[in-house]
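Chains as they are written, first to last, in numbering that gives the first Met the number 0: chain A, 0 to 184; chain B, 0 to 223.
In case anyone wonders, no lab produced these hints; they're calculated from the structure.
Where is the CB? At the ideal position from N, CA and C, for every residue including glycine.
Incorrect hints may have been included.
[What the hints assert, rightly or not] Each pair of labels, with its calculated beta carbon distance range:
(1) B:ARG30 - A:ILE161: 29 to 35 Å
(2) B:ALA208 - A:GLY61: 26 to 32 Å
(3) A:GLU179 - B:GLY209: 27 to 33 Å
(4) A:GLY182 - B:ALA68: 39 to 45 Å
(5) B:GLY24 - A:GLU175: 19 to 25 Å
(6) A:GLY61 - B:ARG153: 38 to 44 Å
(7) B:VAL191 - A:THR132: 50 to 56 Å
(8) B:GLY24 - A:VAL125: 37 to 43 Å
(9) B:THR1 - A:ARG90: 28 to 34 Å
One-letter residues, chain by chain:
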Amino acid sequence: MSLEAFTDESLLTLVARGDEEALRVLFRRYAGSVLSLARRMGLDAATREDCVQEVFGRIWKGAGSFDPKRTSARSWLLAVAHHQAVDLVRRQAARPQAVEPDAEHEDEAFDVAGPSLDEGGALDRVRIQKALTALSQEERRVIEVLYYQGYAHGEAAERLGIPLGTLKTRTRRALEKLREVLGDA
Amino acid sequence: MTLEEARDLLPLYALDALLPEEARGLEPALRAYPELQAELLALQSTAAELVASLPTEPIPQGLEAKVMASLPSRTEESQPKVLPLPTQVSTRPPSPLRWLAPAIAAAALVVLAWTGSLAWGWIQALGNPSSKIVTLVNDQGGVVGRALVRPDRRTLLVVNLPPPAGGKVYQAWGLGAGQPIPLNTFTRQIAVLELPPQATALAVSEEPAGGSRTPTQIRGLPQN
Numbered sequence: 000m001s002l003e004a005f006t007d008e009s010l011l012t013l014v015a016r017g018d019e020e021a022l023r024v025l026f027r028r029y030a031g032s033v034l035s036l037a038r039r040m041g042l043d044a045a046t047r048e049d050c051v052q053e054v055f056g057r058i059w060k061g062a063g064s065f066d067p068k069r070t071s072a073r074s075w076l077l078a079v080a081h082h083q084a085v086d087l088v089r090r091q092a093a094r095p096q097a098v099e100p101d102a103e104h105e106d107e108a109f110d111v112a113g114p115s116l117d118e119g120g121a122l123d124r125v126r127i128q129k130a131l132t133a134l135s136q137e138e139r140r141v142i143e144v145l146y147y148q149g150y151a152h153g154e155a156a157e158r159l160g161i162p163l164g165t166l167k168t169r170t171r172r173a174l175e176k177l178r179e180v181l182g183d184a
Numbered sequence: 000m001t002l003e004e005a006r007d008l009l010p011l012y013a014l015d016a017l018l019p020e021e022a023r024g025l026e027p028a029l030r031a032y033p034e035l036q037a038e039l040l041a042l043q044s045t046a047a048e049l050v051a052s053l054p055t056e057p058i059p060q061g062l063e064a065k066v067m068a069s070l071p072s073r074t075e076e077s078q079p080k081v082l083p084l085p086t087q088v089s090t091r092p093p094s095p096l097r098w099l100a101p102a103i104a105a106a107a108l109v110v111l112a113w114t115g116s117l118a119w120g121w122i123q124a125l126g127n128p129s130s131k132i133v134t135l136v137n138d139q140g141g142v143v144g145r146a147l148v149r150p151d152r153r154t155l156l157v158v159n160l161p162p163p164a165g166g167k168v169y170q171a172w173g174l175g176a177g178q179p180i181p182l183n184t185f186t187r188q189i190a191v192l193e194l195p196p197q198a199t200a201l202a203v204s205e206e207p208a209g210g211s212r213t214p215t216q217i218r219g220l221p222q223n
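Excised from the complex, chain B in its bound form (with noise of 0.2 Å):
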């Protein structure tokens, strides 16, 4: 399929006017040509608006306990994961050895680089029996960092992410009973913050410029 045989069916896929075969040979096209993806984006956006312009229907009694009870079991990997509770961030006993885990025995050297005798006070906290580590995953369970909280709530945050896309910020969140707490915003592997006394654990996320007052694209939660 030529470029423009394919950029024809765009508005027809995007509508979902394609026979399913027909889809399916357009999509080996797509990935050949990712110039054609921006303008499929676009129709499928405005396509999407289609069905905004219907007046939401009431949702019958029952229907969201059925939804939720048919739902496929998933498998073993993918098993529901509950968001950490704070006691489950890390309640273990103090062993200076137990606590000092790779990353963050790396990001104190960092620190101790980079601010000199500052780090002192994070190496001391790592044999702290209060201290506590949170470890960050993404959303397959990989970690992607952790974070060292003092007992006076003051948190190292180290990560291991790239760098975020162009004009974005990482941000820190704190997590409670309540709706995420808006902090620090970040742009290195490394962030210090203050953990509000409401915050129980915490979270980053990627952000416009400048942060959000709610979090758009989580990049770590806190580990089971």
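The following block holds chain A by itself, in its conformation from the complex (with noise of 0.2 Å):
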């Protein structure tokens, strides 16, 4: 039976009994973004591939885990693959080089559309980065260093020089502006 045809959730049932194969759909589904994700994190390229390899190991291990009633499947193994990202940013305090773009590049930092992109993650993407042109500099800063940086917020707080409630005020609000324009896309 293919299991191409499977949504993200059923599959993920099927892992937590134990289906490899149904843990390789993922794995072709979302191995890309895994992959993409630990780039922007300035990860290099072998302990990117260690991140994937990690990444769909705690997959395997804790689908089990995963509730549908509580979040989406595609929430839950990207939050998975992000956490996972800046576990391995941290231990090995591979660091972007830049805090933040300079004025005259920032709008390339979140336009990374590529190439090789299949027709609906396209389109996902413009959607989103059309969002995060709706934050304000300090807001896309805070994102910047927080999520794709994997700093923790008391780093990311001096970093950018703010207070760290100040901190918390701007990722508060970035992330509902992003839900509030997401929503309305």
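Both chains are given apart, each in its own frame, so use the hints to dock them into the complex.
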């Protein structure tokens, strides 16, 4: 039986039962995104592959804890990926060169569409990149440093030169704005 | 930790921006204040979109095999379970007593009360050597239903599942060589359906009202 048509939720259910084929399908759907996130977070090629390996190991072991009543499979899978990437970034202190893009190149930092994308993915990216432009420069910096560079909040506040309270406020505002814009899109 | 203190940390938690010990400190508060769950899930869902903003990288050759080869082994009770082939559904020789699995017998009685003489066909099917019984199990391996498949492909499906969540339905699926075949939706514990010729087994999922074209949340798969 082909599992290609199964939803992510169904595949995770099968993975929780120990179905390796279901994990393979999830790998083909998400490994490229995990690699991309790992690259964006400044990991080198070998570590990016390690990251993928650890992410799918976690999914294999932890699929039973996924609860479709609480969150979507996609969010769960990508959260596992980000969590693992942050672990690696912090473990290896592998930081991207710039804390923030300079003003001239700021838009490019979020404009990362590539040529080899599937159509659906490209549409998703356009939608999300458009949403990111709704953020103020300060809000984008907060997302950049916390999410894409993997800094913990204390260190991030220090690097950005802002009080922790301000960082928290900007983070919340940035996520809420994104959610609102993505919801309208 | 107060509700407001916990709420204050949610965006950072959603972005993995807390230190591990801080995250562990927040988790009891999340359990204590269930009202924060929806807010956290919305934030996490938005955070996940940030990954989707990146271009997908090509997957290096051999990485899939490397990842699959490195999977930690499962414990005995969670060994990989291969989806059953049709012949695994039931190929036992006909013994009416062996066919009278308790769930099916109980179902037949319910059907008898429900449809009167129509049930007689199902009771006869229990003794028919060409009929098959499919046992459905959940992801923990617990039995959640059985189906009696008659030689003419008419199928009596009995599930032991709670009523579907508000506005949702259960949906049966025919499983064969290709994609799952969407079959009837139902909300009660009993459904009668027609198993398509190309389907060799069946499954049950929970779906939005009206059913789906592909399964969303699997509730029962054929037992090995």
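Exercise. Any of the earlier hints contradicted here, and which numbers?
Worked result: none
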